[in-house]
Amino acid sequence: MSLPMESILLPGNPACQGCPHALGLRALSVLENVVLVVPAGCTTIISGVHPKASFNVPVLHVPFASAVAVASGLAAAYKQEGVEANVVVWMGDGAADIGFATISGAAVRNEDIIVVVSDNEAYMNTGIQSSGTTFWKAKTTTSPGGKSEEKKDLAGIMLVHRIPYVATASVGYLQDFVNKLRRVSEIRGFRFIHLHSPCPPGWRFDSSKTVEIARLAVKSGAWILWEYDGRFRISSPSKPYKDETKRVPLEEYIKTQGRFRGLSGEDIEEIKKKIEEQWKFILTMEKTFK
Amino acid sequence: MRTLLTGNYAVAEAVKLSRAKVIAAYPITPQTTIVEKLAEMVEKGELDAEFIRVESEHSALAAVYGAAIAGRRAFTATSSHGLLYMYEMVWWVANARVPLVMAMVTRTIGPPWNIHTDHTDLLTMRDSGWIISMAENVQEAFDLTIQGFRISEEVDLPFTVGLDAFQLSHTAEVVEVPDQQEVDEWLPERRQSYKVLPGNAVTIGNIGPNEYTAKLRYAMAKAIEDSRKVIEKADNSFGEKFGRKYGGLVEEYRLEGAEYVVVMAGAWCGDAKDAIDRLRDEGLPIGMMKIRYFRPFPKEEIKRLEGKEVLVVDRAFSMGYMGIFGMEVSSVIGDVTNVIAGIGGVDVGVEDFEAMFRKFASRKLQRLEWWPREVFS
Amino acid sequence: MSSWLECLIAKSSEGSAGKTGLWRTFKPVHNVEKCNRCLLCLYYCPENVIKVYHHRFITINYEYCKGCGICAEICPQDAIEMVEEEE
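Residue numbers (numbering that gives the first Met the number 0), protein chains in the order written: chain A, 0 to 289; chain B, 0 to 376; chain C, 0 to 86.
Keep in mind that the hints were calculated from the coordinates and are not lab data.
Please note: incorrect hints may appear among the correct ones.
What the hints assert, rightly or not - When the alpha-carbon atoms are kept at most 30 Å apart in a straight line, the in silico DSS-like pairs for lysine-lysine are as follows:
1) C:K18 / A:K254
2) C:K18 / B:K214
3) A:K218 / C:K33
4) A:K78 / B:K43
5) C:K10 / B:K194
6) C:K10 / B:K221
7) B:K194 / A:K78
To be verified - Calculated from the model, a selection of chain B residues having no Cβ within reach of chain A, i.e. all distances over 12 Å:
8) A62
9) K221
10) G282
11) E373
Ideal Cβ placement from N, Cα and C applies to all residues, glycine included.
Between the sequences and the hints, there should be enough to build the whole structure, so can you do that?
Set out below in structure tokens:
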């Protein structure tokens, strides 16, 4: 195991107990010369209370939809000046929704930046509202009866932008995430990582279970870890679950979280179908980009 | 060198001579030819800069903000709906005290769709903390762009150059374009109060006690107040270097002995000045105070008009009240006559101004009047 | 540095939210006997308060540990116990 001993996030910050972002941010310390761009979201809070700051790297807070464009400008200026930098946008699924055109535009330009969407599957900072990536049927404060819309496959959309690097990751598998960040640091251009980040207060589970639930998402096949850098590969933690019979029953994942309370058997069957469709897509990609 | 240039090409030329290093923009008529020209300059290697082809105006100002906060001279341009789309960033850039320059080709706001000038768009920037200038002619647009970088960087506030759609943006005039060395001698190297660079672990814009926000706004209010002197100084030294001095926040035109004074801004001032010349020839003591800077507002200069008959001609209207320049001027000297004209690019020529000023001098204008009266009654 | 810059620029510091150890209701207690030094607790501590010295001694900084309990959950040896804080 070669995980970082330190974090770019210092102790005593305002993150909630068991916060997945705090776990994900640990991994970022494998990157050098980081400049972090943070749009509105939980990390706005985690960043600390002025005049103190929680990060030991430069952080630029920016408006919600602007982050990837600001990062493009920073990267352009550093390039102009010959400054070595890893400009990293750290955003939630909310910023990814509102700023999607911005992400897409920067991807098309193949800007030399790293974008990590730490996805807790709802707008948590404003109080658990439904987002584009909210899990099927999950209850949020704007979907009190359970989400009725589709779940957006953000990494899949980025994949078809033909950028140099796209991956999914999970805070339950930090070694895999760190490996991906190390790979990212060897590549220039637009790099995108969609990080699965189970949120204790938002999903209604105990703060001690963040890692366990993140792993259950992978073991049940509900979250699939993969990587594309010209070749598409299913990442090691997800590999066994290509075989459906090896997967933990979806119910094991669902029952751990208050957001799924009251789901009917029918609902669960419907979700299983969605997950099957996702696996089909992923396996097709694996075949296509061998 | 004397060169025939449109307003937009003059701005592009000035940006090049100011050695902007990062340019980001999204096209919108009538601004587009500024950034097309800059893209061409970058492509041909005449301008050593990064050109970021962003997907929206919001991203244009966001990208320029990123570049500027990283320490490079940066430029964007927009117009009308483009400005409204980037409005969030307009405020953010100013509140972050980041120096940069944006050209604002003024264009009305829809519906209906209309690409012609009025000043409604530009004046929505009023309270944001930007230094807001307005050019009358192509040369002034060129000069203000170069001065903008210097002023902006001296006071840590963003700077916009307003120029009217088509009347300036697409109208070619002969412009005196200095050579690179002359501009380098006048325009110092980029300076700013802080930068975001790798290795320097600072956080910009953290949440904190409310007093920090209040203190920042107070400092900003003071900075834009102090910019009056900086603008005047820049105007003077620019005048010494290049032989063109405009008068700072305002330009006075035939104010000697004037009993009637017209206050206005933008490209149509040229025609209004012609009308003033005609009326002066007839012996009418009329002159103009041209607003060159809307922010900081030229309150001391306007105060000098106390006791005179003042007509404010507006190309923008504050719904529910009066013309925007009208209310600003009357906040300094009390009641003024306020004409609203040229909205949506309606043409107002020398004859119109002559008729308008004649009515004004014979007290036949209402206190607030949309011009020409017969169209709006 | 002019005063407005101090209002805009925050400086890197531990305890940006104060002594977050006060948030704790349960406290992780490390059992050195059971521990096999796999360091999973350290790697997965969201607060970055678990340290190891000389590849042997595990310490937890209780000043900032929020008591989330991830370390106790992830430990394969059950070497961390969550003990209720006293009033």
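Now for the hints, and whether the structure bears them out:
For the hint pairing K18 of chain C with K254 of chain A, the CA-to-CA distance comes to about 34 Å; that exceeds 30 Å, so the pair is violated. About 27 Å separates the Cα atoms of K18 of chain C and K214 of chain B, which keeps this hinted pair within 30 Å; it holds. With a C-alpha separation of about 28 Å, the suggested pair K218 of chain A and K33 of chain C falls inside the 30 Å cut-off, and the hint holds. For the hint linking K78 of chain A to K43 of chain B, the alpha-carbon distance of about 19 Å falls within 30 Å, and the restraint holds.
For the suggested pair K10 of chain C and K194 of chain B, the alpha carbons sit about 14 Å apart, so the restraint of at most 30 Å is met. Between K10 of chain C and K221 of chain B, the direct Cα distance comes to roughly 25 Å. Compliance with the 30 Å bound is thereby established for this hinted pair. Between the alpha carbons of K194 of chain B and K78 of chain A the distance comes to roughly 15 Å, so the proposed pair stays at or under 30 Å and holds. Its closest Cβ contact with chain A, about 4 Å, brings A62 of chain B to no more than 12 Å, contrary to its assignment away from the interface.
At roughly 20 Å, the least C-beta separation between K221 of chain B and chain A is larger than 12 Å, which holds for a residue marked as non-interface. With a least beta-carbon separation of about 57 Å from chain A, G282 of chain B lies farther than 12 Å from that chain, consistent with its non-interface assignment. Every CB of chain A lies more than 12 Å from the CB of E373 of chain B, the least distance being 46 Å, so the non-interface label holds.
Going through the hint list in order, the structure does not satisfy hints 1 and 8.
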